[in-house]
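A.B. asks: Below, each chain spelled out in residue letters.
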Amino acid sequence: MLFQIAEPGESNEKAACKKRVVGIDLGTTNSLVAHVADASPAVIAAGSASGGGDDAMVPSVVSYPPGGEPLVGREAMARGVEHPADTIASVKRLMGRALADVAAIQPLVPYQLVDDQGRMVKVRLGDGRELSPVQVSAAILTELRQRAENALGGALDGAVITVPAYFDDAQRQATRDAGRLAGLEVLRLVAEPTAAALAYGLDRGTRGTYAVYDLGGGTFDVSILTLVDGVFEVRATGGDSALGGDDIDRAIVRWALGDDASFDSASRALGLAQDERGRDVARAIAAARAAKERLTEAESAALAFELGGRRVSTTITREDLARVCAPLLERSARACRRVLKDAGYQAEDLDGVVLVGGSTRSPVVRDHVRAVFGREPMCELDPDHVVALGAAVQADVLAGGTTDVVLIDVVPLSLGLETMGGVVEKLIPRNSTIPCGATQTFTTYADNQTGFDLHVLQGERETADACRSLARFTLRGVPPMVAGAARVEISFQVDADGILHVAAHEQMSGVAATIQVKPSYGLTDEEVERMLLESFDHAEEDLAERNLRIERIEADRILAATRAAMEKDARLLDADVEAATRAAMADLERLVAGTDHVAIRHGIEALDRASKPFAERRMNLAVEAAMKGKSIDEVERDLPAHPEVR
Amino acid sequence: MLSAETQTPDPFAMLGLPARFDLDTQAIETRFRERSRELHPDKFAGAPAAERAQALVRARALNDAYQVVRRPQRRAEALLARAGLTIGDHEQLDPAFLMEILELREELAEARAAGKLELVNELQTAMQGRRRALEQGLGPLFAAGDAESLAAAKRDLITLRYVVRYLDECDAALDED
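Chains as they are written, first to last, in my numbering: chain A, 1 to 646; chain B, 647 to 823.
Calculated directly from the structure, the hints in this document are not laboratory data. Every residue gets a Cβ at the ideal spot worked out from N, C-alpha and C, and that includes glycine. Accuracy of the hints is not assured; some may be wrong.
[Said to hold, decoys possible] Far from chain A by the CB rule (all over 12 Å, computed), these chain B residues:
id : residue
1  : Arg728
2  : Leu739
3  : Pro741
4  : Glu749
5  : Met773
6  : Thr805
[Unchecked claim] Label pairs and their calculated CB-CB ranges:
id : chain 1 : residue 1 : chain 2 : residue 2 : range
7  : A       : Asp382    : B       : Leu813    : 38 to 46 Å
8  : B       : Thr676    : A       : Ala560    : 30 to 38 Å
9  : B       : Ala729    : A       : Gly451    : 32 to 40 Å
10 : A       : Val482    : B       : Thr771    : 45 to 53 Å
11 : A       : Ala103    : B       : Asp668    : 50 to 58 Å
12 : A       : Glu376    : B       : Leu813    : 29 to 37 Å
13 : A       : Thr419    : B       : Leu813    : 18 to 26 Å
14 : B       : Ala772    : A       : Ser313    : 55 to 63 Å
15 : B       : Ala659    : A       : Glu425    : 25 to 33 Å
16 : B       : Ala772    : A       : Arg370    : 31 to 39 Å
17 : B       : Ala729    : A       : Asp115    : 52 to 60 Å
18 : B       : Arg778    : A       : Glu578    : 57 to 65 Å
19 : B       : Gly783    : A       : Glu578    : 55 to 63 Å
20 : A       : Gly484    : B       : Val810    : 22 to 30 Å
Based on the provided sequences and hints, a complete structural model is requested.
C.D. replies: In structure tokens:
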């Protein structure tokens, strides 16, 4: 549909072109995929029972046998026992991060992290291959895509992927790139707590203001949302994108060793081979995790492991666990207090607190949430499934299936530019509703200056070095003028995925200055293209075929949308536009029958151009309707029969 | 690149609300949700690229308008702008207030450096009271609407900028480890 506004009588048409879309929860510890069938979301389990645990959950572990295809999930975990250096777990923590950001976890992970000139960290495998976290995540997404395609009986038309609400721009871009690399059309990135609220809200027809407390394997989010008649509005979001169950496991190992330093020294100074050390570390952490999980039911649990030749055997009680977790949970408490303040709410004014993420199964965490919010938290839906279920609903919304739901999300961290003296000028404050924009005008400080260097930052601190660097831009082509005469307008625009786009424009001359982007951590488009090419060396379909498939889907979608719009709003079409649009449609139909994906792309663009005046009219109508608080039909009734008269 | 479409439309008109200072928060939020139902980019997800791009522009304008109208300070600045009064970068400040804020900033910087969070909290609470008083005072001034009242509103808004910046600094101090 050109306009996916709920209107009776369109449902048959929608059912006829029902798209295959899914929601994916790409987690630190586990990942899963869900879809909407018969108006309610369900997780997609593995086709064959691969033994043990929840069959819908794929452990977020990838193992790389030398020269072979990567193994994902339980198979990867099994191989990881003997080949820890080739086996990557918790890759989500590395997304959009430089080595300096994650160096602290190196002694705690069995694989080797390597620097890439200060850009996104890489993982070096036993055979010397270096992989980007984006490629490792793409392997997990590919596994989920194939699983969904088997279950749904054909290629996917698109996917919604969830990210922690507190993920910054670089982390979101890395996630979207991983989706592309996995051959997915990424319809939208959705914040995990927002997706969870969607699943909860729809399930229960809820109204009111809720906190979503989401403690996963490696990330922590807390969001305050208002739910009214299908509108899910995020009021504020906060968290810590490096706080989760993983940290609790490591803290338990440290506790069992007796002091903080001995963990590093035990694993490093003994001069163990990488593989040997890795095995020890992996086993110690697995033992800690198992003990933690036993404490969900029991009051105490045995804990034994060996690290660097030192044998540890002890018993951990719930009280011990509470003490071990206390510093981590204090970080969580601070984030909760701040998000309440940002949203302008007191804990007692909330209608409820929802628990999301596997780590919220722990009674220690539940006690903490109860203390912070002063109420019993809600946990009716499986905290491991709820994010994927919500993502599936959002995918269905975007595919035109569910029509009575709107998600209104926010930017988690302020966006700004570095100005004189390393001070950050915030252009978009945190918790601004997305999509959003802001502009700032800069001037030249020297005569005949034709370029600018700009540094884009994200974060709350006042100085550039304390914020996250997102990108450095060089502006060129500003016409030479006396100092202070040029007016360069920098515009920040955040899209519905929470990803920032920057543009620049010189106002005095009207010159659109060119921008050169150097992402601080992300991959350039060329790098993604190259990885895409590499990944298809081994894949079942080649790149041209894949491009053809993607362009055909897009062409079919546009043809159907245009046809439906022309039928519905014939009176908004004047003769010229109609003739041009029909000609472009005929061309595109002919091209879709062929196999040249570039030609199809051009055909799509030509149709977009031809139908633009018509699209604008329809858009104005929608805006008018919204302004007047009327339905589109009501506004249409008031319109003259011929658009020319307007 | 920017196009004419990105020029900010009137934020009150965008939300279909009267251009007044005294607006009920609940009414602003309700109107925003109603508009979002129609204009949210999700509603155009199946549309061709050109239309999606336009939908994004409209949604952005709506969200930006919401940020302006729901915050008393920005709402007041938008009303002043409608009356042809803008606040520049080098506005004159009441000398007495200038002295006072400089002293308070010094006190805050010292409290921050010494890690005295209790004191930061006290300073913040006091300044928050001041912010409320300034914001509440704007209502009658905009209601009167004559040149003298608007000039007074402008003076108060200039003061408010300093107050808000001070409060931001308090937040930053409290957020530190």
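A.B. asks: Now look at each hint and say whether the structure bears it out.
C.D. replies: Do the hints match the structure? See the list:
1. Arg728: Nearest chain A Cβ is 18 Å from arginine 728/B, so the label holds.
2. Leu739: The claim stands: leucine 739/B keeps its Cβ more than 12 Å from every Cβ of chain A (closest is about 20 Å).
3. Pro741: holds (26 Å)
4. Glu749: holds (20 Å)
5. Met773: holds (15 Å)
6. Thr805: Nearest chain A Cβ is 21 Å from threonine 805/B, so the label holds.
7. Asp382/A with Leu813/B: 38 to 46 Å: Given about 42 Å between the Cβ atoms, the range holds.
8. Thr676/B with Ala560/A: 30 to 38 Å: Distance hint for threonine 676/B, alanine 560/A holds at roughly 35 Å.
9. Ala729/B with Gly451/A: 32 to 40 Å: holds (39 Å)
10. Val482/A with Thr771/B: 45 to 53 Å: Holds - the Cβ-Cβ distance for valine 482/A and threonine 771/B, about 48 Å, lies within 45 to 53 Å.
11. Ala103/A with Asp668/B: 50 to 58 Å: The hint (50 to 58 Å, Cβ to Cβ) holds, given that alanine 103/A and aspartate 668/B are roughly 54 Å apart.
12. Glu376/A with Leu813/B: 29 to 37 Å: Given range 29 to 37 Å: holds, Cβ gap about 34 Å.
13. Thr419/A with Leu813/B: 18 to 26 Å: 21 Å Cβ-Cβ, so the 18 to 26 Å window holds.
14. Ala772/B with Ser313/A: 55 to 63 Å: Holds, since alanine 772/B and serine 313/A (Cβ atoms, about 56 Å apart) stay within the stated range.
15. Ala659/B with Glu425/A: 25 to 33 Å: Holds: the Cβ-Cβ distance is about 29 Å, inside 25 to 33 Å.
16. Ala772/B with Arg370/A: 31 to 39 Å: Since the Cβ atoms of alanine 772/B and arginine 370/A sit about 33 Å apart, the hinted range of 31 to 39 Å holds.
17. Ala729/B with Asp115/A: 52 to 60 Å: holds (56 Å)
18. Arg778/B with Glu578/A: 57 to 65 Å: holds (58 Å)
19. Gly783/B with Glu578/A: 55 to 63 Å: holds (58 Å)
20. Gly484/A with Val810/B: 22 to 30 Å: At 28 Å between Cβs, range holds.
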